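A.B. asks: Chain by chain, the residues run as shown.
Number of protein chains: 4
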Amino acid sequence: MKVMIDLCVVPVGVGTSVSEYVTACQRVLQDAGLAHQMHAYGTNIEGEWDEVFTAVKRCHEAVHELGAVRISSSMRIGTRTDRDQTMDDKINSVKAKLKEE
Amino acid sequence: MKVMIDLCVVPVGVGTSVSEYVTACQRVLQDAGLAHQMHAYGTNIEGEWDEVFTAVKRCHEAVHELGAVRISSSMRIGTRTDRDQTMDDKINSVKAKLKEE
Amino acid sequence: MKVMIDLCVVPVGVGTSVSEYVTACQRVLQDAGLAHQMHAYGTNIEGEWDEVFTAVKRCHEAVHELGAVRISSSMRIGTRTDRDQTMDDKINSVKAKLKEE
Amino acid sequence: MKVMIDLCVVPVGVGTSVSEYVTACQRVLQDAGLAHQMHAYGTNIEGEWDEVFTAVKRCHEAVHELGAVRISSSMRIGTRTDRDQTMDDKINSVKAKLKEE
Numbered sequence: 001m002k003v004m005i006d007l008c009v010v011p012v013g014v015g016t017s018v019s020e021y022v023t024a025c026q027r028v029l030q031d032a033g034l035a036h037q038m039h040a041y042g043t044n045i046e047g048e049w050d051e052v053f054t055a056v057k058r059c060h061e062a063v064h065e066l067g068a069v070r071i072s073s074s075m076r077i078g079t080r081t082d083r084d085q086t087m088d089d090k091i092n093s094v095k096a097k098l099k100e101e
Numbered sequence: 001m002k003v004m005i006d007l008c009v010v011p012v013g014v015g016t017s018v019s020e021y022v023t024a025c026q027r028v029l030q031d032a033g034l035a036h037q038m039h040a041y042g043t044n045i046e047g048e049w050d051e052v053f054t055a056v057k058r059c060h061e062a063v064h065e066l067g068a069v070r071i072s073s074s075m076r077i078g079t080r081t082d083r084d085q086t087m088d089d090k091i092n093s094v095k096a097k098l099k100e101e
Numbered sequence: 001m002k003v004m005i006d007l008c009v010v011p012v013g014v015g016t017s018v019s020e021y022v023t024a025c026q027r028v029l030q031d032a033g034l035a036h037q038m039h040a041y042g043t044n045i046e047g048e049w050d051e052v053f054t055a056v057k058r059c060h061e062a063v064h065e066l067g068a069v070r071i072s073s074s075m076r077i078g079t080r081t082d083r084d085q086t087m088d089d090k091i092n093s094v095k096a097k098l099k100e101e
Numbered sequence: 001m002k003v004m005i006d007l008c009v010v011p012v013g014v015g016t017s018v019s020e021y022v023t024a025c026q027r028v029l030q031d032a033g034l035a036h037q038m039h040a041y042g043t044n045i046e047g048e049w050d051e052v053f054t055a056v057k058r059c060h061e062a063v064h065e066l067g068a069v070r071i072s073s074s075m076r077i078g079t080r081t082d083r084d085q086t087m088d089d090k091i092n093s094v095k096a097k098l099k100e101e
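Residue numbers (the UniProt record's numbering), protein chains in the order written: chain A, 1 to 101; chain U, 1 to 101; chain G, 1 to 101; chain S, 1 to 101.
Wrong hints could be hidden among the right ones.
For identical chains, the list gives no copy identity; a pair is met inside one copy or between any two copies.
[To be verified] Straight-line distance between alpha carbons at most 30 Å, and here's what the computed DSS-like set of lysine-lysine pairs gives: (1) 95 <-> 2; (2) 57 <-> 2; (3) 57 <-> 97.
No lab work stands behind these hints: they were computed from the structure. If you're wondering where the values come from, they're calculated on a predicted model, not measured in any experiment.
With the rest of the complex left out, here is chain A (with noise of 0.2 Å):
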């Protein structure tokens, strides 16, 4: 099962500088060779669901062994058995249509 997630990990705690916390993350992204985009409140990711929570359950460690005794995470999660449908298929549906006007 194929899913896109957006993904905002928020160390509580550690004061109000959290850029450190949230590179951990990046990087253990990178090292799974998950599709990823990052943006201003959360980053998008897509692959093999298992991959994907594999993923994200190594950013909860890593921002943890970075010092963070407390994480509250939000996230999105989307399925869809229909058809493939990646972040870039997405956006471009919108813009599309925004052009059409």
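Chain A is already provided as a structure; the job is to place chains U, G and S on it using the hints.
C.D. replies: Just chains U, G and S now, kept in the frame of chain A:
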């Protein structure tokens, strides 16, 4: 690694009544033997990371099997390394503070 | 327009105990006179759109006033135009189906 | 109070193609003159709290007007009192750290 999540599974394109799908998800959680508590806009689930996320995957599979071709879930994920904290602990901690005044 | 939301306010950089901040938010909801129900990972709130979102803003303001310089909340927002549905309706609909078997 | 949100509007019960509704939402944001950036699973929006949440309400109204009787959105909400931080600031902060290694 223990985890507490809050999961809301939203089947897309199957009509406006989604209780049948939510019910299927509740049965998955019961069968998994995981501590869980449904509320009006999601379900709290706690347990070991791998068991909890196996159940989340089964929820998506069960809802697809009922005929939903597209699902868009949202989830909160909480982990902490300093101490165990159950769902009841979290609620009681706030309720105690509310009574103090 | 009626709305039902599920709100989880996460103060960042203030330590790992966040119950003081969650409590402040509960008081805001009580003072606003909005129907609400806390659970272990957020709070269900229902009412007219403008009243509900005024309360959400006050929650953020109250948590900042307590000393949190950064907040990262997550929220689900449900609206429907076909009929009114309360928090209890949603839960009872699933509970009835669970009993059918 | 400045706010940065990440919004994902999910129309329920209108079929599996939701790009028409997402497009309507993008137009609302353009008309509102708010800084925003769409990604594959939502849209980052930043601005003054009241303006941003007025736009969110208009998004729900616009999607209902297109025929969706039920909507279930998910949103992240970030506020901070220590300093201004734009969407670009957040991304550049992580990108700089990724290059350091």
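A.B. asks: For which of the previously enumerated hints does the structure constitute a violation, in increasing order of number?
C.D. replies: none
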